[in-house]
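Undergrad: Listed here are the chains, written in short residue letters.
2 protein chains.
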Amino acid sequence: LESSHEEQNAMESDFLDWLRKQLSSAAHFPLGLSDDAALLPQCPGDRLVITTDMLMDGVDFEIERCDVQRAGRKSLAVNLSDLAAMAARPVAALISLALPRRAGRHLAEELYRGILSLADEFDVVIAGGDTNSWDGPLAISITAIGTVSEHGPLLRSGAQVGDTILVTGTLGGSILGKHFDFQPRVNEALLLSECYTLHAGMDISDGLSLDLARLARESRCGAVLEIPEIPVSTAAQQLAASSNDGRTALDHALADGEDFELLLAVPPAEAERLLADQPLKVQISPIGHFIEPLGLWQSTGDGALSPLSAQGYEHPL
Amino acid sequence: LESSHEEQNAMESDFLDWLRKQLSSAAHFPLGLSDDAALLPQCPGDRLVITTDMLMDGVDFEIERCDVQRAGRKSLAVNLSDLAAMAARPVAALISLALPRRAGRHLAEELYRGILSLADEFDVVIAGGDTNSWDGPLAISITAIGTVSEHGPLLRSGAQVGDTILVTGTLGGSILGKHFDFQPRVNEALLLSECYTLHAGMDISDGLSLDLARLARESRCGAVLEIPEIPVSTAAQQLAASSNDGRTALDHALADGEDFELLLAVPPAEAERLLADQPLKVQISPIGHFIEPLGLWQSTGDGALSPLSAQGYEHPL
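In order, the protein sequences belong to chains A and B. Numbering-wise (my numbering), the first sequence opens with residue 1 and increments by one. Numbering-wise (my numbering), the second sequence opens with residue 1 and increments by one.
None of these hints come from the bench; they were simulated from the model. Since this is a predicted model, take the numbers as computed values, not measurements. Beta carbons: idealized from backbone N, C-alpha and C, even for Gly. Please note that a few of the clues may not be correct.
[As the list claims (entries may be wrong)] To be clear about the criterion: a stretch of chain A counts as covered by chain B if any three or more of its residues have a C-beta under 8 Å from a C-beta of chain B, and this derived list gives those stretches:
(1) 160-169
(2) 184-190
(3) 282-292
[Said to hold, decoys possible] With a straight-line cut-off of 20 Å between C-alpha atoms, the simulated EDC-like cross-links for lysine to aspartate or glutamate are:
(4) B:Lys21 x B:Asp181
(5) A:Lys21 x B:Glu218
(6) A:Lys21 x A:Glu150
(7) B:Lys21 x B:Asp123
(8) B:Lys21 x B:Asp135
(9) B:Lys21 x A:Asp123
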């Protein structure tokens, strides 16, 4: 607004100068920081996918109590995890910041250091962004772009009755640290989609049971979980042991958000081959299969099924 | 964070159901609202450009005092203006919202109504987004994607010594209403870039003198403004008349942000042809030319030049 424009100092170009120095790869993306929009790379034969996630102080982290670089890293990592969910290769990201007025410049630099460390690791080019200060808390909005080859995109809607449910890694308790430091399963998704037939997939961001129910619904089938097969994390066990809320480690594995592991629907014979190969550094576990009756189910051991309630994080509105 | 996840109600899918109903064109973009990322359309021969802008309560509008739909419309319009600046045709947008917790659902719907009215007007498909609630004020982050034909993209860096500086519309005083209701110059930019040789261009978002100085710097030349030729808006005159701050209508035209008009560098003969044609519904005015000496200058009438200070809105950090 008019009055505030007049009061403000011309620090923007100074910060952009700093940022340009950090972006060693900016030469490959010449328009992002000098023009009103950035040109996307042309990848003949590949198709582009795009995703966006906004992270907020007090919701996704407590900026006063956490390592700012870890918060910056996380804000890009959740977007890369969404690209992994589509078996897409990350290409570029745009970074928008709403910075608390007093913390501004230093906070922006620390966030970018965290963002850029992960961007470098996955060859993600920062193609632009919008850096602002305001009287509100920190908000970080990132949009990420990736390419899918002829093997992709991996969708939520492709699971077929009889498919095996596979999951990477271990689940639950990410609040103890993994929600910051998780490795987006980009390389894992690319390798699996190249070497195996995958019918459907997504990343587990809001909890295994809730996200599996969503995948099954998009595929118009149901899903059965073999409860004893669910890979419960050490963090889930620690959380259950240290808290009096009555939730077991399994409860955490079923319902905790921010695991950022891959959830896949794979034809049974292909799943057997994949499980025998174990082609990733991270473990892959079979945790159930898809069935015709809609909804989420658990196997009770004697071959019978009982309904399982889908629990996890739903964005409130 | 863990505890807040547990407390929150499952209203997300309800809002997404509402949103899907509003998005009549969603069928053309099937993955945006059901998968982790959206597939971008393939436009053989065209190249994609991308831009992002974040608008915040208390900075870009006062949400308690304004029409919420106008704020929503503005948040998309500023992004479309950035695409117009590149002579790009808008294709898709992703919408991320940080909503104050209590106002949530109703505010989200009103914002979307404003966004969608403009999206429909420019055939922009909503390809995805991220809707959140928090304890902070409203923030809206939009990423827009466009295509450029063989005529584009229009860059800031192409102005040549001798080029005429052209501007659409009238300048200054947008705080009186235009900063909400401006028409992004998308169709104007597409028509001009198709029918005329344009060397460089941008949209005026932070004030004529500041943005012209930026364009000249990117083009490694200087710019001279013919002060009497600057098209001063009625709003700038009203603002000067009603305020005691000593700023003239011309001051407002030179330094007020959020005009969202096109600023162009056009070879002189081509500029003459364009000005004779006046091919747009909105007026186009010649306001100066580019010269070799770097910096921003004003013509003093007798052929001499004096330095002009670049004033406008710079994002503080």
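Undergrad: Look at each hint and say if it fits the structure.
TA: Hint by hint, here is what the structure shows:
1. 160-169: That given contact is violated, which follows from only 0 residues of the region 160-169 of chain A lying within Cβ reach (below 8 Å) of chain B.
2. 184-190: violated (count 0)
3. 282-292: violated (count 0)
4. B:Lys21 x B:Asp181: violated, 26 Å
5. A:Lys21 x B:Glu218: holds, 17 Å
6. A:Lys21 x A:Glu150: With a Cα-Cα distance of about 36 Å, the restraint between lysine 21 of chain A and glutamate 150 of chain A is violated, given a limit of 20 Å.
7. B:Lys21 x B:Asp123: Judged against 20 Å, a Cα distance of about 17 Å means the pair holds.
8. B:Lys21 x B:Asp135: violated, 28 Å
9. B:Lys21 x A:Asp123: The hint is violated at about 38 Å.
Hints 1, 2, 3, 4, 6, 8, 9 from the earlier list are contradicted by this structure; the remaining hints agree with it.
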